[in-house]
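Protein chains: 2
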Amino acid sequence: MIERTQVHDARYPFANGAGSDAVHRHPVYSYSVTVLESGNRRHRGVGLTFTLGDGNELVCQAANHLSQSLRGRDIEEVMAELGCWQRRTANDERYRWLGPHKGVVHLALASITNACWDLWAKQRGVPLWRLLLDLSPEEVVRTLDLSYLEDVLTEESAVELLREQWPTRGERLGILERGYPGYDTSVGWFGYDDAKLRDNCRRSVEDGFTALKLKVGSPDLYRDLRRLEIVRNAVGPDVRCMVDANQQWALPQALEFGRRSKEFDLYWIEEPTHPDDVLAHRKLAEELAPVKIAAGEHVPNRVLFKNYLQMGSLGFCQVDALRVAGVSEFITVSLLAKKFGVPVVPHVGDMGQLHQHLVLFNHVAVGHQALFLEYIPHLQEHFATPCRVEGGAYRTPQETGASCDLLNLSRLASHGAA
Amino acid sequence: MIERTQVHDARYPFANGAGSDAVHRHPVYSYSVTVLESGNRRHRGVGLTFTLGDGNELVCQAANHLSQSLRGRDIEEVMAELGCWQRRTANDERYRWLGPHKGVVHLALASITNACWDLWAKQRGVPLWRLLLDLSPEEVVRTLDLSYLEDVLTEESAVELLREQWPTRGERLGILERGYPGYDTSVGWFGYDDAKLRDNCRRSVEDGFTALKLKVGSPDLYRDLRRLEIVRNAVGPDVRCMVDANQQWALPQALEFGRRSKEFDLYWIEEPTHPDDVLAHRKLAEELAPVKIAAGEHVPNRVLFKNYLQMGSLGFCQVDALRVAGVSEFITVSLLAKKFGVPVVPHVGDMGQLHQHLVLFNHVAVGHQALFLEYIPHLQEHFATPCRVEGGAYRTPQETGASCDLLNLSRLASHGAA
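Chains A and B, in that order, are what the protein sequence lines are. In terms of the numbering used here, the first sequence is residues 4 to 421. In terms of the numbering used here, the second sequence is residues 4 to 421.
Check each hint, because a few of them may be wrong.
Identical copies go unnamed one by one, so any copy, or any two together, can satisfy a pair.
Think about it this way: if two alpha-carbon atoms lie no more than 35 Å apart in a straight line, the pair counts; the simulated DSBU-like pairs of lysine-lysine are [as the list claims (entries may be wrong)]: (1) K342 x K286; (2) K295 x K199; (3) K342 x K295; (4) K265 x K199.
Treat the hints as calculated values from the structure; they're not laboratory data.
Same shape as in the complex, but just chain A (with noise of 0.2 Å):
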């Protein structure tokens, strides 16, 4: 039974450049953490959502006072109607107008929702994405609320789009042992200097990597090109080079960085503009074609993924459990981008923690491509058993649950009390 809710704010600047971009310059890594204690402490369920800083607190106290509802509860209880306790929730009638779906609100229920799947996988003693794939189709769709989705996904056809897959699930077990690829997203941080970012770019080819990052949006588009320009000199034609924008440019900007960067051979663009803008990355898939268009680290929740996917508007689907409303709406997104055939490349606001679990879900029982996961390195030491990536790829995890345990939680200030 969960008989202690509480949440922290757990914030760690940088230094250095790292994580830098080209809308947040001096970043401050930073979660809203549930921790959900069942009786006798043998198991804490911890959930993680992430911001920028300033803010965070805000998403704790919803937290907070969204997660009482959980006390007293058994988590097998809460599990087998975890679609119907988010409805409830997201629509609670005082809250609802502060999104719906969307915002602090919407961070929060992220944050305890993951806190439920942790506890979930630990009080059953397995690794989350263990837990993932024994759990039936039925039982994974009764986590999910796919209110608003009637039109292209129900309960039923969401059970279907996953007994399709289990046939051939023996097919692509392989992946636990080969390990999940990655990609490098730290090569070129907005703030890195030229000698910096090759460097980089050369370490981490030898690292096993062949796919990697470089952070654009410069207000001068030379600095962009000339940087791109280094990248793809470092690394050969043969690794794959995606860049990121981080919704620093206007239709019309974005458009010319996509006409002038052909040369480059680029496997995405990333964000190149407002996380609303649907129509917006449509035109700029028909007309960057065949560069592919990536977003989803801002798209808040499920309905706007189905007006992305349904408007053809993205190559790559890069949903984040820390941003919609955690695993579930997770699964939820990527059973509709396997609907639509665009492949989901998460955005990684937990450094990869929770998701190296998710894209192995998504890969056997979903049926997705195992293209491969962000990687990013600078919360190692915070985390209780990071993940462990070699050769460029992710080690499957071994540890119960779904890998999000910080350490020095008590020294972190917090709402909610014991």
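Using the hints provided, position chain B relative to the given structure of chain A.
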């Protein structure tokens, strides 16, 4: 000079079904109230954003934080670059992650922005509508953040749009004498019984209203249709009848209601489904024509409105200056709507106090049709100068400012300090 900033948490619980809809059965109408006080307490700018109770304190905290940057500045100087200030504030690298341009932080920006406009009008000693009509097109556009609209509305084209209307303004000034028509949104709250609904409809028509609205979205479609029949029978064929589902339906249900309600000659169907679902609204617009689709009270920003308008998803644009970033983003969306030929009929989270000014500007300066403005009388006793609706029309307000002064503010919980 702005010497003090303070944010108050004002909550007004309702009783007897007033204000109830399909989603909000027991509403607590609430405001996050930003107060900007100029030197010697000569002028107090008061700005509102609306919520439904719990969570209002989160908006207050965000508004308190974001308003700090206005301290020590002169309001004339602030307003001469308000668009830039809005852009900087919305892009604050710590807070941006919580949106962008949506949720708690964006609501806070609405509250602060509205306080700026109120203070500006009070300092100039005129009602807000007068101030707005006296500004040059260039001065208006300097108060707007048009970022992410470059593909359809630049600063130059916004100025041009206002200039085009300048020569014919005189023809539209008669509205100041006649008063702006209202429509009655309080006849058919969700919790009202049939007899009360019938009586309210008759009284509304006697009071001079020529349009009114019914809350629908019942789990039982036949309850909605029965109540709609009561309304139509009570008011006759010449009164415009609208319905509002408050997002209660999925697309298939909304289509079902639309088809079954054809005989009642609806003027619009409001918020049929999720406010992020631009494509579902377009599908409804196509399938249910000539009945129009209205939405906007939960559309958080200009970018999503741009997509709504580009897609032809809206028959009526119900932007609310207490949902988007205040008067400034309201004007931005009004300009967009004008460009796409869609009438603006604001949702009034302010109970019409602020919007009675804005619709006069929309009609005279932007050239929008003077259709009608929603009328909700429920909080009149809390405003210092409640709007006056006589013979079904808003009387043009004559007091200085934006008519948003609330009584007994000093007795409310507050954030920030003198």
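Hints and how they fare:
1. K342 x K286: both (22 Å within a copy, 20 Å between copies)
2. K295 x K199: Classified as within: same-chain Cα gap 27 Å, cross-chain 57 Å, threshold 35 Å.
3. K342 x K295: both (18 Å within a copy, 31 Å between copies)
4. K265 x K199: within (24 Å within a copy, 66 Å between copies)
Figure legend: structure checked against the earlier numbered hints; every hint is met.
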